[in-house]
Amino acid sequence: MSPEPRRLHPAGAVLETLKAAREALLPIIVLIVVGGGRSSTALLALGGLVVAAVAGYLRWRSTTYRVREDDTLILRSGFFSPSETTVPVSRVSSVDAEQGPIQRLFGVQELLVQTAGGGAEPEVVLRAVAGPEVARLREALGHPERVAAEQEEPAARVRLSGGALVAAAVTGPQLSVLLPLVAGLGAVADDLLEESFEGGLVDLLPDTAVGIALVAAAALGTLLLISILGAIVAFSGFTVERDAQRLRIRRGLLQRRAASLPLHRVHAVRVVEGLLRRPFGLATLRVETAGYRSEPVSTRTLFPLVRTAHAPALIGELVPALATDLKPLEPPPRRALRRYLLPPVFLAAVAGIVLGLTTGTWWALLPLVGLAALEGLGRFRAAGWRLAGGSIVVRERLIARHTIVARAERLQEHARSQTPFQRRSGLADLAVAVGSGRRGRLAHLEADTAAALFDELRSASLPAVAGDPGGRLDAARRVSS
Amino acid sequence: MTPDHDEGSGLAPRAPEPARTLAPNVRGYWVVEALGWAVPLVIVSLIAARGLTEGAGAPGALGVLLPAVAALAGLIAVVLVPRLRWAHWRYDVRDEEVDLRSGAFTVTRTLIPMARVQHVDTKRTVVSQLFGLAAVTIHTAAGRNVIPGLAEPDAAAIRDRIAQLARTPDEP
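So the protein lines, in turn, are chains R and L. The opening residue of the first sequence carries number 1 in my numbering; numbering runs sequentially from there. The opening residue of the second sequence carries number 1001 in my numbering; numbering runs sequentially from there.
Be aware that a few hints might be false.
Simulated coverage check for chain R against chain L, where a stretch passes if three residues somewhere in it have a Cβ under 8 Å from a Cβ of chain L [what the hints assert, rightly or not]:
#1 401 to 407
#2 413 to 419
Examples of chain R residues lying across from chain L (beta carbon under 10 Å, computed) [stated by the list, open to error]:
#3 A135
#4 R410
#5 S425
#6 D429
#7 F454
#8 D455
In case anyone wonders, no lab produced these hints; they're calculated from the structure. We put the beta carbon where it would ideally sit given N, CA and C, even for glycine.
Given these sequences and hints, build the entire structure.
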């Protein structure tokens, strides 16, 4: 790649102009409102546009990038206050290409360059890069894309079917977020109704309970529809491809997003069985990665919807290093059940009593405690682990059921802890941490099992002292059962 | 209970328990740290109790109870906690792992494989410098672990040793 500084595709000027216009929109509106004049309004808007166009052009003109001979990406930008960003190519952890509506219009792509230590924002964003230049730049940054993909068929390709897309949208987590929202809406409607009796608004609102219910139902329906449509737009055309080194995830209806994820960065896969999905035996697959752009949850989706029974096969296909069975899991001992039930029930009881004391809604106490007991029971029944062939599987429940699958030798740390109460009854907790920072927690295991698992995970991370994997665990299991 | 096993017996060897203790004067440092919030707490509770009983007409018992509870909590934090904490803190830095154990009541044991360590740093505060103490923080891709209260030369040596051992090229 030539070391001369290069400008972005001219579409970049259009993009910058639109951005500048968007930024100038609010001041212009304020001016129009304050001014109030009619003929000056159009003039003002026109003037704003011209200013935005000039600003956009200048920004485009002053933005250059190049990859120097010493393998450093250099981005200069800013007309009035120039800045320079330097990124060593060896530090580049990912190069993502995205295409918004404007980019698609011009047939260019937006390149996002991210380094391992990076925060939420990509270090370098090139807003408009033409096709051939994208390939050249990716090559120079050590993350070639299409070249490899077109030469060899991907080793695996999985597409989300239309039916699965709809099912994913309908059973999405949005619903559990929306329900309390709707409840809040109901309360607001209640207040509104009371006020309307005094303020004469009563004619505008349906004045019966049926009317209010209708309004609430309409609001609920609208919100639901929006969330379902949102999920469909986000996950439409979801495709995952894998070759020898990386995963490529493409999705999106209006804005096609393509993310490329090196396989060695995948520290763990998580099978999430949401409240609405578990009854149907459905789950979402998530990837746990280190040093990768932290983005909305949707981009950490490996696959939006899969039958839980097929999850191990799909994981094996997409992340072969994590191929393992998710069953059978070793559960905590039966006497741990009490300890699983107590914390949520206690919390719910306190919440119920506070609610009763403050608002007098004592009837809520019993259902709250009942729900909490159900959650506690669910947590007990979900809890389990498995260590086989160097893969560790940890399942726990926090409303949704999460199953973490990781390689034992790649865990960042593991910890065992024991409270005085646990000591008395011979129980202990065990936690493992994967590279993304996510932890899998196993509460109230048999203390001997926890100790054996602790040592087993240690020897998995230290090849030098590895014994026969699983030997001590089996021994501990025999003793405890 | 399973007996202890060594290599070759077919079972994973038991991790040796960590043996090194924190610097003895870290107790003094923790006492000063605890005083830093316990004294203001007691003062605030005295003022609040006065305000509640005289100003708001709360029962007189509250005027005694509130400062008493605050004083008791402060006393425990200043007198008891530093000793217990010190007595139960153990660590070891082995070639292949960092081993931490702490907690008087809830005992937590953490193992960090050396190959997973991303970087290490030492931290000193104004007060800790008076005691000649520093804390070593070990960062991994999943988060960090802190060994508090080491003598400054020890902390520097441990930091350098971990940095040296962790340098073996290995992706995160």
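Hint check:
no. : hint       : verdict
1   : 401 to 407 : violated (count 0)
2   : 413 to 419 : holds (count 7)
3   : A135       : violated, 26 Å
4   : R410       : holds, 8 Å
5   : S425       : violated, 14 Å
6   : D429       : holds, 9 Å
7   : F454       : holds, 7 Å
8   : D455       : holds, 5 Å
Consistency note: the structure conflicts with the earlier hints numbered 1, 3, 5.
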